[in-house]
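**Q** Chain X with the ligands: place on chain R using the hints.
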Amino acid sequence: MKVTLKVWRQANAKAKGEFVTYKDVETTPDTSFLETLDILNESLVERGEEPITFDHDCREGICGMCSLYINGHPHGPATKATTCQLYMRRFKDGETITVEPWRSAGFPVIKDLMVDRSAYDKIQQAGGYVSFNCGGAPDANALPISKEKADLAMDAATCIGCGACAAACKNGSAMLFVSAKISQFALLPQGRPEAARRARAMVAKMDELGFGNCTNTRACEAECPKGISITNIARMNREFLKAKFKD
Amino acid sequence: MSTIDSKIPEGPVAEKWTNYKAHQRLVNPANKRKLDIIVVGTGLAGASAASTLAEMGFNVYNFCIQDSPRRAHSIAAQGGINAAKNYQNDGDSVYRLFYDTVKGGDYRAREANVHRLAEVSNNIIDQCVAQGVPFAREYGGLLANRSFGGAQVSRTFYAKGQTGQQLLLGAYSSLNRQINAGKVKSFNRYEMHDVVIVDGRARGIIAKNLVTGKFERFSANAVVIATGGYGNTYFLSTNAMGCNCSAAIAAYRKGAYFANPSYVQIHPTCIPVHGDKQSKLTLMSESLRNDGRIWVPKNIEDAKKLQKGEIKGSDIPEENRDYYLERRYPAFGNLVPRDVASRAAKERCDKGFGVNNTGLAVFLDFSDAIKRLGIDVVRQRYGNLFDMYEEITDVNPGQLAREINGEKYYNPMMIFPAVHYTMGGIWVDYELQTSIPGLFAIGECNFSDHGANRLGASALMQGLADGYFVLPYTIQNYLADQAIWPKIPTDNEEFAKVEKHCVEEQTRLMNIKGKRSVDSIHKELGHIMWEYVGMGRTAEGLKTALEKLKELRKEFETNLFIPGSQEGLNIELDKAIHLRDFIIMGELIATDALHRNESCGGHFRVEYQTEEGEAKRDDENFFYVGCWKYEGDDNTAPSLIKEPLEYEAIKVQTRNYKN
Ligand SMILES: Cc1cc2nc3c(=O)[nH]c(=O)nc-3n(C[C@H](O)[C@H](O)[C@H](O)COP(=O)(O)OP(=O)(O)OC[C@H]3O[C@@H](n4cnc5c(N)ncnc54)[C@H](O)[C@@H]3O)c2cc1C
Ligand code: FES
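Going down the list, the protein sequences come from chains R and X. The first sequence runs 0 to 246 under numbering that gives the first Met the number 0. The second sequence runs 0 to 658 under numbering that gives the first Met the number 0.
Please note that the accuracy of each hint is not assured.
Pulled from the structure, derived: some chain X residues nowhere near chain R, Cβ distances all over 10 Å [to be verified]: (1) Tyr94; (2) Phe134; (3) Asn476; (4) Glu546.
Okay, derived cross-link-like pairs now, BS3-like style, lysine-lysine, Cα gap no bigger than 25 Å in a straight line [to be verified]: (5) X:Lys522 to R:Lys1; (6) X:Lys542 to X:Lys615; (7) R:Lys79 to R:Lys5; (8) X:Lys276 to R:Lys91.
Don't read these hints as lab results, they were simulated from the structure. Just so you know, even glycine gets a beta-carbon here, dropped at the ideal spot from N, CA and C.
Just chain R, with the same shape it has in the complex (with noise of 0.2 Å):
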């Protein structure tokens, strides 16, 4: 199958992008998107052009590297899967494709298709841990934690930090991805006794660092490549208005 890739290319963070239009992308339906990329990128070297710049590592839909708008949706046309595990044969033979980068305030562009996310690194700083240090811990088996409980939190940890949930809203609100993380150890008795103090310091964080305000869109939700469910914004509001409390 051929398909044709419409790509934003941008030199540099300051450069001014713009798309370029690749006709004729020879590809397979059980090639990856990623893959008919390379292949792109393959014949761009050959010609002496410098490939297109995105980010991707696993290709296995857990690291959470890789990104791209593609086709007006973050990872693309499939539910609950990312770029990487994207099949050509979602699309169709001779479609045009438009790939972007992610577009959110939070998430300048470094190169071409390539953001920057330390800003989901930084709000993790603030205190997205439990604190105690290695070698004092009882016996794993000296709290037993009921499988239901166990269960939510998983849910909520399988979070891939990928970026599309702020990617996704039109606030640009990294709610989803905070939350999972604050639900994660507000559901865990291990993360009780630092769940006030985690709150109050993710969420200054986030609003910190310039993401917009949650306004119950879902977009987050739909486009989440992991399904992580808003319940999770639910419960980190609780947990934050518990801290407001306590101050």
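**A** Just chain X with the ligands now, kept in the frame of chain R:
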């Protein structure tokens, strides 16, 4: 000839670690604050080491090539992590985990290291639970376990099919706490290009800021490399795209010995190769072998029809299926270690029984498990893996395919072995120190604990053991007198010299201005490696490989093309640096494989097998760690130094998984 001191402590194997800790030198708290440690890598090994060292009071500089520490390749580990907790009361113990690991490694690992690994395994689980890692639990609220290959007990802890992710996020959370406290400085999108040695000790690194393209100098009292394995030498592997061996090769070029490079693990359950545009191979977790049964047709006619696409797996009735692992290895069945399972698949496919159009695939079937447990339970266990398989192949193994005489048959998966993990790595002593003082190596990038073959769920265990519980102690034995040494300023001439060399290397590659892309040469490297240095190696094939690799290196040096410039971000240039080192790595693997005239674990030499086709070790002549020393330039063959193995607790035997 150089000799080698592995610094294994005195005493019975079960007491060595306790004795070591009781007598090693420690650094006092006031001095810890004065000491800087560079940790290169943020995978399980690097992140756990960086956070723990910082918690102890050292100042840590931590590097990774991804945009966040959380994205290190460890994130992709699926199946689980072993520990000797014996929560299932099935007879597990520290000794049994130790024994299984040594046996699984085909008696080529160091006893003392493996025992220590088994000893600290339980602390790892405690540590992770305290961090909030959401391991799978039973209804009673206690931790759940599953079984993995090479063991007859259920000792693997897991978090769905995302164990590596959860463990890494745990380590990343501890790391974040230390970054927040100012004890760890985190450098993302930075790549270490070289290590700086002053007066025979590692005193810093040169790293490239991948966004600006500029080199920067970092000085420290010790350098720890935690940069993962070299599986991507084969181009196609289950490793992430960015996995590389450049930091390890930089250390090797500076004089660190490289141990057992030929021990490469080929994992039996991966999605088969489908075309020449493929960029990587996808692992289907080993946990699938708990309930899945591996088979090919009994009759060659059926295999031929499958290859032509005339029939499907589900068309072949029970009595015409050959569950060859259960047939050959009744005691372990589908749960034999990876090397055994991989070779058995190759053997069937070589005989013409492969089940897809390339003839290079076997079936992994869940029909039995679904009959026994019901589809809901099977989906609960493996649903995400089934979906992942479907996304890639368009076939769902949980879907009913047909009924023959009332028997329900489900779509089987198709699987084939692929390069997955590297047991070999930078040589380290008991303290995890390389042959360069002050340079340490942890995690997959060292060679330490798995011998010639690694058991499933033991890499995560080793990475975290090294980072949380071993290195933070042993490094102090080295650092104890370092506080009195003045810190080396980065305008020191050695730093300048090494940085200049890094720049010149890039310029040299940019200036080749040939015709071939990095990937096209890397693919060729992969073909040579898979063909001649893969699952079945021969002396003749390995010699051919060495010749071809030499030619390929010449092709790389004279016909490479890198577009763009050295300014700013240049992904082709960064890949070219990796490829330069993969080629050297390929030569090392082939050299080691050619010298090791025996079959053991992941290294199978066709000339050395029993009549039944099992690996034949030669303990008389090869009971040692093969360490390779760089001889000054890439064109001179490395020299071999042997570290003899000494076993006191375990009797060295022929590995037997039959009964
Ligand atoms: C698909 C898959 C599934 C697996 N499943 C399991 C499992 O279930 N159980 C198990 O026990 N094992 C499993 N393994 C193996 C295990 O995941 C790895 O062996 C282990 O995670 C390696 O950890 P590490 O910390 O040594 O290195 P990695 O996680 O590979 O981390 C390497 C780090 O080094 C950095 N780095 C590399 N080069 C440089 C450089 N030059 N400069 C700066 N930084 C650099 C990277 O950015 C990264 O942070 C699996 C492996 C794969 C591929
Ligand atoms: S590349 Fe890792 S999630 Fe897509």
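**Q** Against the structure shown, which of the earlier numbered hints fail to hold, in ascending order?
**A** 2
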